[in-house]
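Residue numbers (the numbering used here), protein chains in the order written: chain A, 1 to 188; chain B, 1 to 188; chain C, 1 to 188; chain D, 1 to 188; chain E, 1 to 188; chain F, 1 to 188; chain G, 1 to 188; chain H, 1 to 188.
No lab work stands behind these hints: they were computed from the structure.
From the structure, some residues in chain A lie toward chain G, with a derived Cβ separation under 8 Å:
#1 Lys134
#2 Asn138
#3 Tyr165
#4 Asp172
#5 Phe173
#6 Gln174
#7 Arg175
#8 Trp176
#9 Ala177
#10 Leu178
#11 Tyr180
#12 Glu184
#13 Pro185
#14 Glu186
#15 Ser187
With a straight-line cut-off of 27 Å between C-alpha atoms, the simulated DSS-like cross-links for lysine-lysine are:
#16 Lys118/G to Lys68/A
#17 Lys116/E to Lys68/D
#18 Lys157/G to Lys157/A
#19 Lys113/G to Lys84/G
#20 Lys151/A to Lys158/G
#21 Lys158/C to Lys113/B
#22 Lys157/F to Lys68/F
#23 Lys151/B to Lys84/C
#24 Lys84/A to Lys116/A
#25 Lys113/B to Lys68/C
#26 Lys157/D to Lys118/E
#27 Lys157/F to Lys151/H
#28 Lys68/B to Lys113/C
#29 Lys90/A to Lys49/G
#30 Lys49/G to Lys49/H
#31 Lys118/G to Lys158/A
#32 Lys49/F to Lys158/F
#33 Lys113/E to Lys158/D
#34 Lys68/A to Lys84/B
#35 Lys151/E to Lys90/D
#36 Lys113/G to Lys49/A
#37 Lys158/E to Lys118/D
#38 Lys90/H to Lys68/G
#39 Lys84/F to Lys68/E
#40 Lys157/H to Lys113/F
In this text the structure is predicted, and so the values were computed from the model without any measurement.
Note that CB positions come from ideal geometry on N, CA and C, so glycine has one too.
Number of protein chains: 8
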Amino acid sequence: MFVCWIDELQWMIIACSDSRVDPALVLGLGLGEAFIVRNIASLVPPHSKESGHSSGASAIEYAVLHLKVEHIMIVGHSRCGGIKALLGMKEDGSNRFSEYIEDWIAIANNASKTAKAKCSHDSPFEDQWTCCVKESVNVSLWNCMSYPFVKEAVQQKKLALHGAYFDFVNGDFQRWALNYRVDEPESL
Amino acid sequence: MFVCWIDELQWMIIACSDSRVDPALVLGLGLGEAFIVRNIASLVPPHSKESGHSSGASAIEYAVLHLKVEHIMIVGHSRCGGIKALLGMKEDGSNRFSEYIEDWIAIANNASKTAKAKCSHDSPFEDQWTCCVKESVNVSLWNCMSYPFVKEAVQQKKLALHGAYFDFVNGDFQRWALNYRVDEPESL
Amino acid sequence: MFVCWIDELQWMIIACSDSRVDPALVLGLGLGEAFIVRNIASLVPPHSKESGHSSGASAIEYAVLHLKVEHIMIVGHSRCGGIKALLGMKEDGSNRFSEYIEDWIAIANNASKTAKAKCSHDSPFEDQWTCCVKESVNVSLWNCMSYPFVKEAVQQKKLALHGAYFDFVNGDFQRWALNYRVDEPESL
Amino acid sequence: MFVCWIDELQWMIIACSDSRVDPALVLGLGLGEAFIVRNIASLVPPHSKESGHSSGASAIEYAVLHLKVEHIMIVGHSRCGGIKALLGMKEDGSNRFSEYIEDWIAIANNASKTAKAKCSHDSPFEDQWTCCVKESVNVSLWNCMSYPFVKEAVQQKKLALHGAYFDFVNGDFQRWALNYRVDEPESL
Amino acid sequence: MFVCWIDELQWMIIACSDSRVDPALVLGLGLGEAFIVRNIASLVPPHSKESGHSSGASAIEYAVLHLKVEHIMIVGHSRCGGIKALLGMKEDGSNRFSEYIEDWIAIANNASKTAKAKCSHDSPFEDQWTCCVKESVNVSLWNCMSYPFVKEAVQQKKLALHGAYFDFVNGDFQRWALNYRVDEPESL
Amino acid sequence: MFVCWIDELQWMIIACSDSRVDPALVLGLGLGEAFIVRNIASLVPPHSKESGHSSGASAIEYAVLHLKVEHIMIVGHSRCGGIKALLGMKEDGSNRFSEYIEDWIAIANNASKTAKAKCSHDSPFEDQWTCCVKESVNVSLWNCMSYPFVKEAVQQKKLALHGAYFDFVNGDFQRWALNYRVDEPESL
Amino acid sequence: MFVCWIDELQWMIIACSDSRVDPALVLGLGLGEAFIVRNIASLVPPHSKESGHSSGASAIEYAVLHLKVEHIMIVGHSRCGGIKALLGMKEDGSNRFSEYIEDWIAIANNASKTAKAKCSHDSPFEDQWTCCVKESVNVSLWNCMSYPFVKEAVQQKKLALHGAYFDFVNGDFQRWALNYRVDEPESL
Amino acid sequence: MFVCWIDELQWMIIACSDSRVDPALVLGLGLGEAFIVRNIASLVPPHSKESGHSSGASAIEYAVLHLKVEHIMIVGHSRCGGIKALLGMKEDGSNRFSEYIEDWIAIANNASKTAKAKCSHDSPFEDQWTCCVKESVNVSLWNCMSYPFVKEAVQQKKLALHGAYFDFVNGDFQRWALNYRVDEPESL
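Throw the hints in and build the complete structure from the sequences for me.
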C-alpha cells in the first residue's frame with residue numbers, strides 16, 4: 001500500500017490503461033477515493049484552443065475547477081508499451097505503423113530526446129526505457145501547467161503536481177513534485 | 001461481482017473517471033485482467049482524421065489491432081455528473097460555462113435529444129437522466145463502429161461491442177449488445 | 001420479374017446509370033412504383049457536412065424523411081465498368097486518367113481492398129470483379145447508415161436496408177439485408 | 001412513345017428520381033438504349049475543381065469521353081417537388097428545413113429568379129412552377145457547358161445538348177436545343 | 001478604316017497594350033466613340049467570386065450593366081509578345097521567368113493547347129502563333145460568357161460578342177461572332 | 001498636343017477606359033509610341049503575392065523589366081464616373097450596388113478620405129470630385145512604388161513616375177512627379 | 001545605482017521604450033554590459049510557431065542559445081502608458097482605438113484581470129495600475145517559460161528569470177524571481 | 001556626443017539590442033529624451049494586417065500618432081551579428097540554424113542581395129558587411145513608409161525619417177535622410 005497519503009477525494013490520478021497497473025489496485029484505493037483518468041502511457045496533451053475533443057483537458061478542468069482536487073499525480077510505470085513504441089519511432093516518421101497511436105504518444109517526443117541524450121550508448125535499453133517513462137511524466141506535468149486554471153491554482157498553492165513511477169517488477173513506487181513559485185517583489 | 005464472464009485480457013473497458021465507479025472495484029478485476037480507459041462520462045468520439053491528440057481513438061486502436069481484445073464494454077453509471085451537465089446545456093450554447101468540458105460532453109448531444117424525446121415532460125428528472133446515460137453509451141458504441149478497424153473486426157465476428165449501465169445506488173449492473181451483420185446474398 | 005415484393009411507393013432504389021441494368025425494366029416497375037437514383041456504379045457517399053452539392057445525400061434525405069420509404073435497395077450489377085476501373089486504380093494514384101470518375105469511384109476503395117484480399121491470386125478476374133461489386137454495395141449500405149436520419153429510422157425499424165446484385169448475363173438477381181440492432185439492457 | 005429519335009446508345013439522359021417520370025417508361029427505352037442519371041429535379045451542378053464526390057460530373061465525363069454519346073438530354077417534368085421547394089425558399093435562408101435537399105436544389109437558384117421575373121404576380125402558381133422547371137433545365141444545360149470536355153465536344157459538333165419538359169398530366173413532351181457556335185474569322 | 005460599323009458608344013473594345021495596335025488609331029475611332037480596356041494580350045479572366053482586384057471584370061460589368069453597350073469586341077493581333085511567351089511556357093512551370101506576367105497569360109492556357117494540336121509539327125512557328133492568338137480571343141470570349149450579366153444580355157439578344165484579329169503586317173482585320181441561343185420548347 | 005515630351009517607346013501610360021479620354025487622341029500619339037493600359041479610373045492595385053489574375057501588375061512588370069520604359073504616367077481625368085461612384089460609397093458598404101466595380105474602385109479608398117478632408121463642406125461637389133481624381137492618381141503612384149522592380153528602378157534613377165490630370169472640359173492637362181530618394185550617409 | 005549585481009554580459013534586460021526608464025541610465029550600465037530589448041510595456045509574447053516576425057522571440061533565442069546569458073530581467077515601471085491603456089480596454093473590444101497598439105498590449109490581458117480582481121473597488125486607480133504593471137511582468141515571465149530553450153535552461157539551472165518594477169517617482173527598484181524546479185524521484 | 005541635434009522628446013530611435021551600441025550612451029541621451037525601441041539588428045517589419053503580435057509596429061504607431069515625434073532614426077552599427085548571420089544565410093534555407101532568429105533577420109533579405117551585388121567578389125568581407133548594415137537600415141526605412149500613418153505624416157512634412165550607421169571601432173557616426181515628395185500639379 002503506497003498511498004497512505006491519499007485520504008480523501010482531493011486527488012486526481014492520471015494513469016496508463018495497461019491492465020497491470022490499475023491505480024485502484026496498486027494504490028489500494030477504495031470507491032470514492034480518487035478521480036481517475038486512464039489512457040495510453042498516462043499522457044497529458046498541452047493546452048490548445050484548436051484541438052478537437054479533449055478527453056484529458058476536460059477531465060483536468062473538471063477536477064481542478066469543480067472537484068477542486070488538491071493534488072494531481074501522473075503515474076508512469078515500468079515496461080510501458082507506449083513509451084517503448086515512442087523510443088522506436090523515427091523522427092522523420094518513416095516507420096509509421098498506426099493511425100492514432102503515434103499521434104498520441106508523440107505528445108512525449110521531447111521525453112524521448114531527453115532520455116536518449118541522458119543515457120550513454122552502451123547502457124542497457126531498459127535504462128533508457130525507464131528514463132523515458134519518467135521524462136514523459138515530466139512532459140505531462142509541464143503540459144498540465146499550460147492550462148491557465150492549473151497554473152492559477154498552483155500559484156495560489158491550492159494545487160500540487162506530482163510525478164510518479166511504478167515499477168511493477170520490483171514493486172517500487174517513486175514520487176516527486178513539480179515546484180513553481182513567483183516570489184514577492186523586494187526593494188533593492 | 002458482476003463479471004464472472006470476464007476471464008482473460010480479452011476485454012477493453014471504457015468507464016467514467018468518477019471515483020464511485022472504479023471498474024476494477026465494481027467488476028472485481030485483478031491486475032492484468034482488463035485494458036481500461038477512463039474519462040468524463042465514458043465517451044468515445046467518432047472517427048475523424050482531422051481531430052487532434054486522440055486519447056480514446058489511440059486506445060481503441062491499440063486494444064483492437066494489437067491486444068486483439070474480443071470485447072469492448074462501455075460502462076455508464078447512475079448520477080453521472082457529465083451527463084447531468086449535458087442535459088442542462090442549451091442548444092444555442094448561451095449558457096456555456098467551461099472551456100473544455102462542454103466540448104467533450106457534446107459528443108453525446110444526440111443522446112440528450114433522444115432522452116428528452118423519450119421521457120414525458122412530467123416524468124421525474126431522474127428518469128430522463130438514467131435514460132440519457134444509457135443513450136450516451138449507445139452513441140459511444142455507434143462511434144466505436146465508425147473506426148474502420150472496429151467495424152472490420154465486428155463484421156468478422158472477432159469483436160463484440162457491449163453497453164453497460166451501473167447503478168451504484170441499487171447495485172444493479174445492466175448489460176446489452178450492439179448487433180451488426182451483413183447477410184449473405186441469396187438469389188430470388 | 002424479380003420484384004413481386006415491391007408493391008407500393010415504399011422503395012427507394014439506387015442503381016447504376018448503365019443502359020443494360022435499367023431498374024424499371026429489370027424489376028418490372030411501373031410508373032409511380034419506386035423512387036430511383038442512378039449514378040455510376042450505384043454508389044452512396046458517406047455523410048459529410050463539408051461536401052459540396054450532394055446529389056445522393058439529398059435524394060436519400062428526401063426519400064427517408066419526406067416520402068418515408070420503408071426500404072432502400074442498392075443494386076450492383078455484373079460487368080460494371082466503374083468497378084472494373086476501381087480494381088485497376090493504383091493506390092498511389094499514379095495511373096489517374098480522369099478528372100471526376102476516379103474521385104467518384106474512390107468511394108468504394110475499401111471494397112477493392114476487400115475483394116483483392118478475399119480472392120486468391122490465381123482465381124479468374126471475373127470472380128474478383130463480382131466480389132468487388134458486391135462489396136461496393138456493402139460499402140454504400142454502410143455509408144447510408146452514416147446519415148443520422150437513416151440510422152434513426154433503422155433503429156426504429158421503420159426502414160430496412162438491402163443490397164442486391166443483378167447478373168444480366170445469367171439473369172440472376174441476388175438480395176441480402178444489412179442488420180443493425182441495439183439490444184435492451186438486461187440486469188446481470 | 002416520344003422517342004423514335006433515340007435509336008442507339010448515343011444518348012445520355014438526366015432525369016428526376018420521381019417515380020412518375022421514369023425515363024425508360026416515358027420514352028419507351030429498352031435495355032441498352034440509354035445511359036441514365038437520375039437525381040432530385042434532374043439537376044447538373046457547375047464545373048468546380050473543389051467540390052467533393054461528384055455524382056453527376058463523373059457520369060457526364062464518362063458519357064462524353066468514354067461512351068462518346070452524341071446527345072445529352074436533361075428532362076424536367078410537371079409538378080416537380082424539388083422545384084416547388086425551390087420556389088418556396090427564401091433568399092436569406094431563414095426557412096431552411098433540411099440538411100441536404102436545399103443545398104442541392106439551390107443549384108437552380110437562378111431559375112427561380114428568372115421564373116418569378118417572367119410570370120406576372122396574378123398569374124396562377126402553376127404557371128410559375130412550369131416556367132421554373134423549364135428554366136432549371138436551362139440552368140443545368142448551361143452548367144453542362146462549364147465542363148471543358150462538354151464545351152469542346154459541342155464546339156466540334158460531336159455533341160448536342162437538349163432540354164426537355166415532360167407534362168405527365170397532359171402527356172405532353174417538349175424538347176429544345178442549346179446552340180453554341182464560334183464562327184470562322186472573316187476579313188473585313 | 002475598318003470600323004464603319006462602329007458608330008455610337010455601343011461598343012466595348014478589349015485590346016492589347018502593345019503600342020503598335022492602338023485601337024483608336026487602327027479603327028479610326030474619335031473621342032467618345034468606344035469604351036476601351038487595354039492589357040497584355042487583350043485577355044478576359046473567367047468569372048470568379050474569390051479573385052482579387054478585377055480590372056477586366058469591373059470594366060465589363062460597367063460596360064454591360066451601366067453603359068449598356070451592344071457589342072463587345074476582343075481584338076488580338078499578329079506577333080503578340082504575350083502569346084509568344086505563352087507558347088514557350090512549359091506546362092510544369094519549370095521555365096518560369098516572371099512574377100506576374102505568366103500568371104496573367106496563363107488565362108489563355110487552353111488556347112496554347114488548342115493551337116499546338118491544330119498545327120502540324122513541321123508548319124512554321126508563325127502559323128502556330130497566329131492560331132494561338134485567335135484561340136486566345138476565343139478563350140476570352142468564352143470567359144466573357146461566364147459572367148452572369150453577360151450571358152443574360154446575350155440570351156436576351158441585347159449584347160453580341162465578337163472576336164477580332166488585326167494583322168498589322170498585312171493590314172488585315174478579321175472579325176467573327178460567338179453565337180449562343182437556347183431554343184423555344186417544341187412539343188414532339 | 002500636350003506631349004511633345006513623349007518621343008520614343010519609353011513611356012507607359014495608364015489611363016481610363018472612358019471613351020472621352022483616349023490617350024492616343026488626347027496626347028497625339030502615333031502607332032508604336034507608347035505602351036498603354038486602360039481600365040476603370042486608371043487605377044493601379046498595390047503589390048500582393050496572393051491576388052489573382054493581375055492585369056495591371058503584369059503590364060507594369062512587362063513595361064519596367066522588359067520594355068525598360070523610362071516613364072510611367074498615370075492619367076486621371078475630369079468628371080470620372082468611377083471616382084464619382086467612389087465618393088458616393090458608404091464606408092460600411094451598405095449601399096453596395098455591383099459585384100466587381102466597387103471592389104475595383106475601392107483601391108482608391110484613401111483618395112476619397114483625403115479629398116473629403118481637404119474640401120470644406122460648403123465647397124461645390126465638383127471641387128471634391130476633381131480633388132479625389134488627383135488623389136486617386138497619387139494612390140496609384142504610391143501603389144506603383146510597392147512593386148519591388150519599380151522601387152528599384154526609381155532608386156537607380158532609371159524610371160520616373162508621373163501623375164497627370166486631363167480636364168476635357170477646359171482642355172487643360174496637368175502633370176506632376178513623385179520624388180523618392182535616399183541620401184548618401186554623411187559623418188556628423 | 002541599483003545593479004551592482006550586474007557585472008558581465010550575462011544579463012538580458014527587457015524594458016519599456018518609455019524615455020523616462022532607459023535601463024542603461026537607471027541601472028548605471030556601461031557599453032558592453034547588457035543585451036537590451038525595448039518595446040511598449042516591456043512585454044514578451046508567448047511561444048507560437050505561427051506568429052509572424054517575432055522581434056522578442058528572436059532576441060530571447062539569441063540571448064539564451066548564443067550569448068548564453070545567465071539572467072533575464074523584465075522591467076516594468078510606474079505610470080506605464082501601455083498598461084494604463086490595457087486597464088481601459090473593454091473586453092468586447094468596443095472601444096478599440098488603434099491598429100497595432102491594442103493587439104500588442106493584449107498580451108498582458110490576464111494581468112489586467114488579475115489586477116482588477118486583487119484591488120478593491122474603492123482603492124485608488126494608482127494602486128490598480130501599479131499592481132497591473134507587476135502582474136504584466138509576471139505574464140511575460142511565464143511567457144518566457146513557454147519557449148522550450150528557456151525552460152530547458154531554467155531546468156538545468158543555467159538561467160534565472162527575474163521580474164522587476166522601477167518606480168521613477170520614488171526612485172524605488174524592486175526585484176523578484178520566478179522559481180521552477182522538478183524534484184528527483186524518491187521511493188516511498 | 002553626436003546628437004546635439006536631439007533636444008526634446010521628438011525623436012524615436014530604433015537601435016540594436018547589442019550591448020556595445022546602447023543609444024543612450026552613444027548619443028549622450030538623458031532620461032526623458034527619446035523613445036527607444038531595441039531589437040536584433042534594429043529592424044522594422046513591413047506593414048501587414050495579418051502578422052501577429054507586432055512589437056515594432058505598435059511602437060511606431062504610438063510614437064507617430066500619440067507622442068507625435070518629428071523624427072524617426074534607425075541606427076545600424078558596425079560588426080552587427082544579426083547582419084553577419086543574414087549574409088551567411090542560403091537562399092534555399094538549407095543552412096537554417098534557429099527557430100526565430102532567421103525569420104526575424106529575413107526582414108532584411110533584400111539588403112543582403114543589394115550588398116552582394118554592390119561589392120566586388122575580391123573586396124574584403126568587412127566591406128560587404130558594412131554595406132549590408134546600411135542597406136538593412138534602408139530596408140527598414142522603406143518598411144516604415146509602408147505604415148499609412150507614417151507615409152501620411154511624411155507627406156505632410158510632420159515627420160522625417162533618418163538612417164544612421166554607428167562604427168564603434170572608429171567612433172564614426174553617419175546619418176542620412178529618406179526623401180519622399182509628391183509635387184503639385186502643373187499645367188503644361
